[in-house]
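A.B. asks: Sequence:
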Amino acid sequence: MSRNQKSNFLSGYSAELQQQAETLIDSGKLPDYLRKRYQSGHAVSNSKALYQYTLDIKNSYLRQSAPLSKVEYDDRIDVIHNALGLHTHISRVQGNKLRAKKEIRIATLFKQAPEPFLRMIVVHELAHIREKEHNRSFYKLCQHMEPDYHQLELDLRLYLTCLDRFGPVY
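Under full-length UniProt numbering, think of the first position of the sequence shown as 1, with each following residue one higher.
Since the hints were made in silico from the structure, they are not lab data. Don't take each hint at face value.
[To be verified] Below 20 Å or equal to it, Euclidean Cα-Cα: the simulated EDC-like pairs (lysine to aspartate or glutamate) are:
| hint | residue 1 | residue 2 |
| --- | --- | --- |
| 1 | Lys29 | Glu16 |
| 2 | Lys36 | Glu22 |
| 3 | Lys48 | Glu103 |
| 4 | Lys102 | Glu72 |
| 5 | Lys36 | Glu153 |
| 6 | Lys102 | Asp56 |
| 7 | Lys102 | Glu131 |
| 8 | Lys36 | Asp155 |
| 9 | Lys70 | Asp56 |
| 10 | Lys111 | Asp74 |
| 11 | Lys111 | Asp75 |
| 12 | Lys101 | Glu153 |
| 13 | Lys132 | Glu103 |
| 14 | Lys101 | Asp74 |
| 15 | Lys101 | Asp56 |
| 16 | Lys36 | Asp164 |
| 17 | Lys102 | Asp74 |
| 18 | Lys140 | Asp164 |
| 19 | Lys102 | Glu115 |
| 20 | Lys111 | Asp26 |
| 21 | Lys132 | Glu153 |
| 22 | Lys101 | Glu115 |
| 23 | Lys48 | Asp74 |
| 24 | Lys36 | Glu115 |
| 25 | Lys70 | Glu131 |
| 26 | Lys101 | Asp148 |
| 27 | Lys36 | Asp148 |
[Stated by the list, open to error] So the derived label-pair ranges between C-beta atoms look like this:
| hint | residue 1 | residue 2 | range |
| --- | --- | --- | --- |
| 28 | Asp75 | Ser137 | 30 to 38 Å |
| 29 | Ser65 | Thr108 | 21 to 29 Å |
| 30 | Gln151 | Lys97 | 37 to 45 Å |
Each residue gets a CB set at the ideal place from its N, CA and C atoms; glycine is no exception.
Starting from the given sequences, assemble the full structure and let the hints guide the process.
C.D. replies: Next comes the structure, spelled out in structure tokens:
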């Protein structure tokens with residue numbers, strides 16, 4: 001997608017909110033807004049650190065949920081057209097037992113994104129361990145793990161819009 005085309009990251013929001021976002025974009029103030037609101041960088045720079053980061057959040061809120069087999073950054077996830085993170089549940093028969101593996105993959109974009117955005121994506125994918133669908137229970141669980149979840153989701157969409165329109169923010 002070229003930078004001149006409008007992305008659809010904010011399509012699910014009200015017309016009023018979309019207009020406010022367009023005003024920030026048209027005035028060129030969106031990158032400054034994001035830089036002021038969110039510091040750049042974090043120490044979660046590789047898949048091993050991401051696994052530990054995710055495990056710490058899981059152990060704080062979802063202790064009794066099934067263990068995670070793998071958590072890693074994945075450069076094959078296309079953020080603009082596909083997803084920000086993926087969760088998989090794989091069941092395999094080993095002998096007479098059924099083994100389940102749960103994996104989370106996060107787009108490599110989040111290596112450079114502000115830490116609150118990384119946390120929001122991790123919380124989102126962890127919530128899928130308990131709730132498969134994006135329903136009321138799912139979002140309630142997300143808010144339990146991250147009270148500012150909905151604001152972070154909106155700001156992440158603004159961040160993605162900014163990347164699409166202006167290039168790297170930090």
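A.B. asks: All hints, please: hold or fail.
C.D. replies: Comparing the hints with the structure gives:
A hinted pair counts as satisfied when its Cα atoms are at most 20 Å apart, and lysine 29 with glutamate 16 qualifies at roughly 18 Å. Among the hinted pairs, lysine 36 with glutamate 22 is consistent with the structure: their alpha-carbon atoms are about 18 Å apart, no more than 20 Å. In summary, the hint linking lysine 48 to glutamate 103 is supported, as the alpha carbons are separated by about 13 Å, within the 20 Å threshold. Distance check on the hinted pair: lysine 102 and glutamate 72 sit about 12 Å apart at the alpha-carbon level, within 20 Å; holds.
Restraint check: the Cα-Cα separation between lysine 36 and glutamate 153 comes to about 17 Å, which is no more than 20 Å; the hinted pair holds. With a CA separation close to 16 Å, the supplied pair lysine 102 and aspartate 56 stays within the 20 Å bound. At roughly 13 Å between alpha-carbon atoms, lysine 102 and glutamate 131 fall within 20 Å of each other, so this suggested pair holds. For the given pair, lysine 36 sits about 12 Å from aspartate 155 by alpha-carbon distance, which is consistent with the 20 Å threshold.
A C-alpha spacing of about 14 Å is found between lysine 70 and aspartate 56, which places the hinted pair at or below 20 Å, so the restraint holds. The suggested pairing of lysine 111 with aspartate 74 holds, with an alpha-carbon distance near 10 Å, which does not exceed 20 Å. In summary, the hint linking lysine 111 to aspartate 75 is supported, as the alpha carbons are separated by about 11 Å, within the 20 Å threshold. As the CA atoms of lysine 101 and glutamate 153 are separated by approximately 27 Å, the hinted pair breaks the 20 Å bound.
Of the pairs offered as hints, the one joining lysine 132 and glutamate 103 holds, with about 14 Å between alpha carbons and a cut-off of 20 Å not exceeded. With a CA separation close to 18 Å, the supplied pair lysine 101 and aspartate 74 stays within the 20 Å bound. Straight-line distance between C-alpha atoms of lysine 101 and aspartate 56 comes to about 18 Å, which keeps the hinted pair within the 20 Å bound. Between lysine 36 and aspartate 164, the direct Cα distance comes to roughly 19 Å. Compliance with the 20 Å bound is thereby established for this hinted pair.
Distance restraint check for lysine 102 and aspartate 74: the Cα-Cα separation of roughly 15 Å lies within the 20 Å cut-off, and the hinted pair is therefore satisfied. The suggested pairing of lysine 140 with aspartate 164 is violated, with an alpha-carbon distance near 30 Å, which exceeds 20 Å. Distance check on the hinted pair: lysine 102 and glutamate 115 sit about 23 Å apart at the alpha-carbon level, beyond 20 Å; violated. For the suggested pair lysine 111 and aspartate 26, the alpha carbons sit about 28 Å apart, so the restraint of at most 20 Å is broken.
With a C-alpha separation of about 18 Å, the suggested pair lysine 132 and glutamate 153 falls inside the 20 Å cut-off, and the hint holds. This hinted pair does not check out: lysine 101 and glutamate 115 have alpha carbons roughly 27 Å apart, beyond 20 Å. A C-alpha spacing of about 13 Å is found between lysine 48 and aspartate 74, which places the hinted pair at or below 20 Å, so the restraint holds. For the hint linking lysine 36 to glutamate 115, the alpha-carbon distance of about 14 Å falls within 20 Å, and the restraint holds.
The suggested pairing of lysine 70 with glutamate 131 holds, with an alpha-carbon distance near 19 Å, which does not exceed 20 Å. Of the supplied pair hints, the one linking lysine 101 and aspartate 148 is violated, its CA atoms being roughly 29 Å apart against a limit of 20 Å. Restraint check: the Cα-Cα separation between lysine 36 and aspartate 148 comes to about 17 Å, which is no more than 20 Å; the hinted pair holds. The hint said 30 to 38 Å for the Cβ distance between aspartate 75 and serine 137, and at roughly 32 Å that hint holds.
Range check, serine 65 to threonine 108: Cβ separation about 25 Å, and the 21 to 29 Å hint holds. At roughly 43 Å, the beta-carbon separation of glutamine 151 and lysine 97 lies within the given 37 to 45 Å, and the hint holds.
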